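Sequences are here, hints too, so could you generate the full structure?
Chains as they are written, first to last, in the working numbering: chain F, 80 to 456; chain E, 10 to 397.
Hints were generated in silico from the structure; no laboratory data involved. Note that this is a predicted model, so its numbers are computed, not measured. Mixed in with the good hints there might be a few duds.
Mimicking BS3-like on lysine-lysine, the simulated pairs with C-alpha atoms at most 27 Å apart in a straight line are [to be verified]:
no. : chain 1 : residue 1 : chain 2 : residue 2
1   : E       : K357      : F       : K415
2   : F       : K338      : F       : K350
3   : F       : K374      : E       : K172
4   : F       : K440      : E       : K251
5   : F       : K388      : E       : K251
6   : F       : K374      : E       : K251
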Amino acid sequence: MIYLDNSATTAMYPEILDIIKEYAVDNFYNPSALYTKSLGVTKDIKRAKQKIIDILHGSGNIIFTASGTEADNMAVFGVKRFKDCKILVSDIEHSAIYQSVKRLQAQGVLVEFVTVDKYGIVDEDDFISKLTDNVALVSVMHACNETGAINDIERLVKLTRQAAPRALFHSDGVQAVGKIPINLTRLGVDMYTFSAHKFHGMKGVGGLYLKKCVQINPLILGGGQEHGLRSATENVSGIISTAYALNKTYRNLNIDKNKQIISFIAENLQKIVPNLILNTNFEKSLSNILSFAIKNTRGEVLVHLLEDKGIIIGTGSACSAQKAHTRVPLALGLSKEYFDGMLRISIDNSTTMDDAEEFVKEFASCYNYLESVMSGN
Amino acid sequence: MEKVIIIRFGEIFLKGKNKKFFENLLEKNIKNALSIYDCIIEKSHNRFYVAGYNAEIEDSIIETLKKVFGIHSVSPAVKMPTDISQVANIICDDLPYAKTFRVTVKRADKTIILTSTEIAGQIGGDILQLKPQMSVDLHNPELNINVDIRENKTSYIYYENIKCYEGMPVGSSGKGLLLLSGGIDSPVAGFRMAKRGMQINAIHFHSYPFTSIQAKEKVVELGGIISNYCGHFPLFVVPFTKIQQAIHQYCREDFMITVMRMIMVEISERIAIKQNCGALITGESLGQVASQTLESITVTNSRVKSLPVLRPLIDMDKTEIIKISKEIETFETSILPYEDCCTIFLPKNPIIKPKLSVAEAEYNKIVGLQDLIDDAINNVEIIKIKNK
Numbered sequence: 080m081i082y083l084d085n086s087a088t089t090a091m092y093p094e095i096l097d098i099i100k101e102y103a104v105d106n107f108y109n110p111s112a113l114y115t116k117s118l119g120v121t122k123d124i125k126r127a128k129q130k131i132i133d134i135l136h137g138s139g140n141i142i143f144t145a146s147g148t149e150a151d152n153m154a155v156f157g158v159k160r161f162k163d164c165k166i167l168v169s170d171i172e173h174s175a176i177y178q179s180v181k182r183l184q185a186q187g188v189l190v191e192f193v194t195v196d197k198y199g200i201v202d203e204d205d206f207i208s209k210l211t212d213n214v215a216l217v218s219v220m221h222a223c224n225e226t227g228a229i230n231d232i233e234r235l236v237k238l239t240r241q242a243a244p245r246a247l248f249h250s251d252g253v254q255a256v257g258k259i260p261i262n263l264t265r266l267g268v269d270m271y272t273f274s275a276h277k278f279h280g281m282k283g284v285g286g287l288y289l290k291k292c293v294q295i296n297p298l299i300l301g302g303g304q305e306h307g308l309r310s311a312t313e314n315v316s317g318i319i320s321t322a323y324a325l326n327k328t329y330r331n332l333n334i335d336k337n338k339q340i341i342s343f344i345a346e347n348l349q350k351i352v353p354n355l356i357l358n359t360n361f362e363k364s365l366s367n368i369l370s371f372a373i374k375n376t377r378g379e380v381l382v383h384l385l386e387d388k389g390i391i392i393g394t395g396s397a398c399s400a401q402k403a404h405t406r407v408p409l410a411l412g413l414s415k416e417y418f419d420g421m422l423r424i425s426i427d428n429s430t431t432m433d434d435a436e437e438f439v440k441e442f443a444s445c446y447n448y449l450e451s452v453m454s455g456n
Numbered sequence: 010m011e012k013v014i015i016i017r018f019g020e021i022f023l024k025g026k027n028k029k030f031f032e033n034l035l036e037k038n039i040k041n042a043l044s045i046y047d048c049i050i051e052k053s054h055n056r057f058y059v060a061g062y063n064a065e066i067e068d069s070i071i072e073t074l075k076k077v078f079g080i081h082s083v084s085p086a087v088k089m090p091t092d093i094s095q096v097a098n099i100i101c102d103d104l105p106y107a108k109t110f111r112v113t114v115k116r117a118d119k120t121i122i123l124t125s126t127e128i129a130g131q132i133g134g135d136i137l138q139l140k141p142q143m144s145v146d147l148h149n150p151e152l153n154i155n156v157d158i159r160e161n162k163t164s165y166i167y168y169e170n171i172k173c174y175e176g177m178p179v180g181s182s183g184k185g186l187l188l189l190s191g192g193i194d195s196p197v198a199g200f201r202m203a204k205r206g207m208q209i210n211a212i213h214f215h216s217y218p219f220t221s222i223q224a225k226e227k228v229v230e231l232g233g234i235i236s237n238y239c240g241h242f243p244l245f246v247v248p249f250t251k252i253q254q255a256i257h258q259y260c261r262e263d264f265m266i267t268v269m270r271m272i273m274v275e276i277s278e279r280i281a282i283k284q285n286c287g288a289l290i291t292g293e294s295l296g297q298v299a300s301q302t303l304e305s306i307t308v309t310n311s312r313v314k315s316l317p318v319l320r321p322l323i324d325m326d327k328t329e330i331i332k333i334s335k336e337i338e339t340f341e342t343s344i345l346p347y348e349d350c351c352t353i354f355l356p357k358n359p360i361i362k363p364k365l366s367v368a369e370a371e372y373n374k375i376v377g378l379q380d381l382i383d384d385a386i387n388n389v390e391i392i393k394i395k396n397k
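Next up, the structure:
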């Protein structure tokens, strides 16, 4: 099987099973307890956290959560708001941010959405025009889960500091972490979300990086773990394996190889499909994602046809499984005829050029078959 | 003293000579439904009793019984050897909280000299002595203590009468083949016919890869929910892709749905006859969509040669159907977004009032249709649907 939906999730590194066993069976102690064994576990957690912070070049703390979605929720709901404040987010934020700010909007908080270009990159002029000094929170995703577009977070943070000094800047880095080198200090963000299963870690582990001195309110109260910001007994094997997975992913990262594969696929798709729109701008995008849309075509059918040939790809968010979610293609300015035909290829470090060639070959045959059905021949 | 659940019969109570048949069927259905619990069913005149179960599962048993058609009502009760002087002693410790109460006595055992009212007075007096904080309110009591004195020297005491669906025991009114889509209506149609005692088989048309595996899973899930009411049944999944493609290839766009439905009922009737089903069941509601206008129904009906097509929702509004679908718990599954027909095969403007002659002409345009139909029928996948 050729798996080309790594932006949805990745296969966990098998050796993580050993880490799970170590901290779930052998060294299973509750880090909050007072005996020496627990202290050992606490130290391992601390080391893992520091390792993650080092890899991401941060200077602060990480609050571990049960998912990237939870970390995003924490950023939105945890920010201390003030009277008549405003929240600014981009048009194509992941639902974890979008639905959270929608909730606040329904409660009367002023929320504004910044438009993006056809590749999903935040429109700087629109951003500046909406960046007033009453902004309490800005949230712009680092890399777009649909198109792979990379936003210039460093610049957006600088603009925010000038125009809205009271604002906290959050960036959802779920897709970016493990795909491009991250320097949180240089980016200057106050909060940054990641999720372990996107870089071959376990599902059920996410984290919110908090820059030094950044204060937010907790969503989950209880025993006061994670500096009181996320109570719950720590997911020890999850945390420790996340550090392992992140380290290994960055060691294996070969951006040039990914770029070659993605360009090869893109070039060939354009030859096969006459009305193809590329939603990915290779100059400002993750090297592992290719998003495209085909006119008047059901992307979902192509997904099934390819699956029957042993190839797994992803649909865009406008697939029939989530009919109501036409938000992203609309934000990208796609016309209606392309909504159902949005597809996404996302490779990882193990994808080879042979896989790409096989995909292109099978895609051509599936697409031609579907075309013949649709034209009634 | 023992905890039991009283089961009262619905309409079969009124049956004449063949009442025995209905009773036996109801007993069998109850036993099937309760087979997952450790309990026994006792039969008595015009009633059943569930006994021998652990008190903790009483609520679950009642929930299951509420889904068995043919039951009028159920009551969790305490069973004791008839002894009027002991009733208050036995129930007082576990009496539900209430400030006011009344005692209602039914005395089938005529060997007891006291009248029902006198017995009620005596038991009420005993309760007041044991629970002096309570008082009697004959007209509007918070708690009605029913004492049912049966002829076999046994009494039952219960406080509530839980209404069930009534209807007829499933299996008493033949077997029907339900055309089950993933929508809101067809599961409700199946439920309604099962309520009238019909045993259900179901058929679904699947167009993979133009619809997803999830669409089929959704139908299986809906089948599972319906089977809580009608028992386990086979679901016939017809591979419909080639026929869909042929319709798309040969027929006028506005007639695509009309012809599709003609073929669907035709295949359904053939499978129904093979499975000894005496009817087709559809979730059609007059005028709800283009394919359910009187003209469209006339056209699809024309393809059914020998079986009646039962349309239990024909006069119902969508809101009424949704209400039932929520009540029987199919709604949440029905509204999952997986479509059962790909938009490729859906015309933008389907014909609302198709003429039979035109529809037949379109139907006849499909080259090799009978072979495609035979092929689909020969490749039907049969899924056993079991209670959830």
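**Request:** Determine which of the earlier numbered hints do not hold for this structure and return their numbers in increasing order.
**Result:** Those not satisfied come down to hint 3.
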